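S.K.: In case you want the letters, here they are:
2 protein chains.
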Amino acid sequence: MSQQKYKITLCYEGTKYRGWQRLKQTPETIQGKIESVLSRIFDMPIQIDGASRTDAGVHARAQVASFTAEKRSCEQLKQELNRFLPDDIAIVAVEHVASDFHARFHAKKKTYHYRIWKADYPPVFQRKFVTVLGGELSIERMQEAIPLLVGKRDFKSFCTDKTKKSTIRDLESIEINETPEEIIIAFTGTGFLYNMVRIIVGTLIEIGLGQRDIQSIEAIFKSNTRQLAGETAPANGLCLEKIYYEM
Amino acid sequence: MSQQKYKITLCYEGTKYRGWQRLKQTPETIQGKIESVLSRIFDMPIQIDGASRTDAGVHARAQVASFTAEKRSCEQLKQELNRFLPDDIAIVAVEHVASDFHARFHAKKKTYHYRIWKADYPPVFQRKFVTVLGGELSIERMQEAIPLLVGKRDFKSFCTDKTKKSTIRDLESIEINETPEEIIIAFTGTGFLYNMVRIIVGTLIEIGLGQRDIQSIEAIFKSNTRQLAGETAPANGLCLEKIYYEM
Chain A
2 MSQQKYKITL CYEGTKYRGW QRLKQTPETI QGKIESVLSR IFDMPIQIDG
52 ASRTDAGVHA RAQVASFTAE KRSCEQLKQE LNRFLPDDIA IVAVEHVASD
102 FHARFHAKKK TYHYRIWKAD YPPVFQRKFV TVLGGELSIE RMQEAIPLLV
152 GKRDFKSFCT DKTKKSTIRD LESIEINETP EEIIIAFTGT GFLYNMVRII
202 VGTLIEIGLG QRDIQSIEAI FKSNTRQLAG ETAPANGLCL EKIYYEM
Chain B
2 MSQQKYKITL CYEGTKYRGW QRLKQTPETI QGKIESVLSR IFDMPIQIDG
52 ASRTDAGVHA RAQVASFTAE KRSCEQLKQE LNRFLPDDIA IVAVEHVASD
102 FHARFHAKKK TYHYRIWKAD YPPVFQRKFV TVLGGELSIE RMQEAIPLLV
152 GKRDFKSFCT DKTKKSTIRD LESIEINETP EEIIIAFTGT GFLYNMVRII
202 VGTLIEIGLG QRDIQSIEAI FKSNTRQLAG ETAPANGLCL EKIYYEM
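One line per chain: the protein sequences are A and B, in this order. Under the numbering used here, think of the first position of the first sequence as 2, with each following residue one higher. Under the numbering used here, think of the first position of the second sequence as 2, with each following residue one higher.
Next up, chain A with everything else stripped away, as it sits in the complex (with noise of 0.2 Å):
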């Protein structure tokens, strides 16, 4: 029976579950609703590798896996993985990979958003998907605010990772971008660390609100402790939206 590694590319909104990663306790997981699926179609214990093991409540428009399994057509296994899967979740794309592809490892960059909702009315249709503020935020002051966490530095201040890896990473960029309603903060780097990118925006958040200065963000770097940070902000405003993979 041939061998195949797969490449899967799926979106889900991550209210409902308690994260990605498999967890003993409780199938309410985006990797365990997988895994019991694809179990199911081949008929045998299948285990897959997210390229991210994003947190509960955390949603993904492009999340990618990779698991080996018995040789089928792409199409047919997205169709059937689609029928099986809940309403919250939907494969967007199933490849034929070399055998040595992992999605983790082979993930060169990935692109997170956060969205924080600022019109002056709450959110209807956006919301599971926003955070919502007391106060308005100033994005001049975000903005000064970005080349001081951009680069490749040790993000041990920015993480609730109680690893002893490295802790350095490189945070490419933070882009901001305004819709009338939304203020979408855009992070781009090769990996982040848990926690990462909802720190860094809990921090941005009490710089735009006038409650943090700017130059603490040094402060912040050289103590290597999560103690000065600002709060971790919400998971429902976060989303994965871009593994990328050299081709």
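It does not matter which identical chain is used: a pair holds within one copy or between any two.
Under the rule of at most 35 Å between Cα atoms (straight-line distance), these lysine-lysine pairs were calculated in the DSBU-like manner:
(1) Lys6 with Lys119
(2) Lys129 with Lys17
(3) Lys119 with Lys72
(4) Lys129 with Lys110
(5) Lys129 with Lys119
(6) Lys129 with Lys163
(7) Lys243 with Lys119
Honestly, the hints are just simulated from the structure, not real lab data. Predicted model only: the values in this text are computed from it and were never measured.
We have chain A already, so just place chain B on it with the hints.
M.R.: Below, chain B alone, put in the same frame as chain A:
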């Protein structure tokens, strides 16, 4: 106590509601929810007139309603309404208007959008707002049918009204737009009969799927009965986008 006429603009996700119009047997209508909050705020029964009586499951981005009540600050009233309304209804604007203003009688035109999902994977983020079809639509065939549908005509065959009033309406335009994932059909006209947009959409879908001749439209008009037109398209794809008033 001075009385004031108010115009409110509001949006809602219709999924959970039995439609716009107040019903005696259930509070689960948009009008019912808003009247109940207004009556609480003003501490007396308040009735409102909506520009469009959207059906169960139909959404609105900019429904308009009018009512008379004690004079208050618009900004304060908007905030109070939004504090008490459920998270699937939001008041976008509150205005003081002339005492003879009536949201329905003074509406000059309305625009509705009907959204059809066309991607080859299920909608996740838009699943409450689009209709998913089994087959592929020919936009070209649908475009060809439009000239046979627009204009000032008797739409009796395209409605489920049992009224003896006039069923002549001026359907100014039908426009079809596409995104990579959706087909959006925009209807603009002076007024719409009960289920008229959804029956025209159902007819256009049958034409787009190749299940119906374009020429059948004339026979539908001539028949003066509901029987010949296409099926009523599902409510969740429909959204009231805009009500036009003369300034």
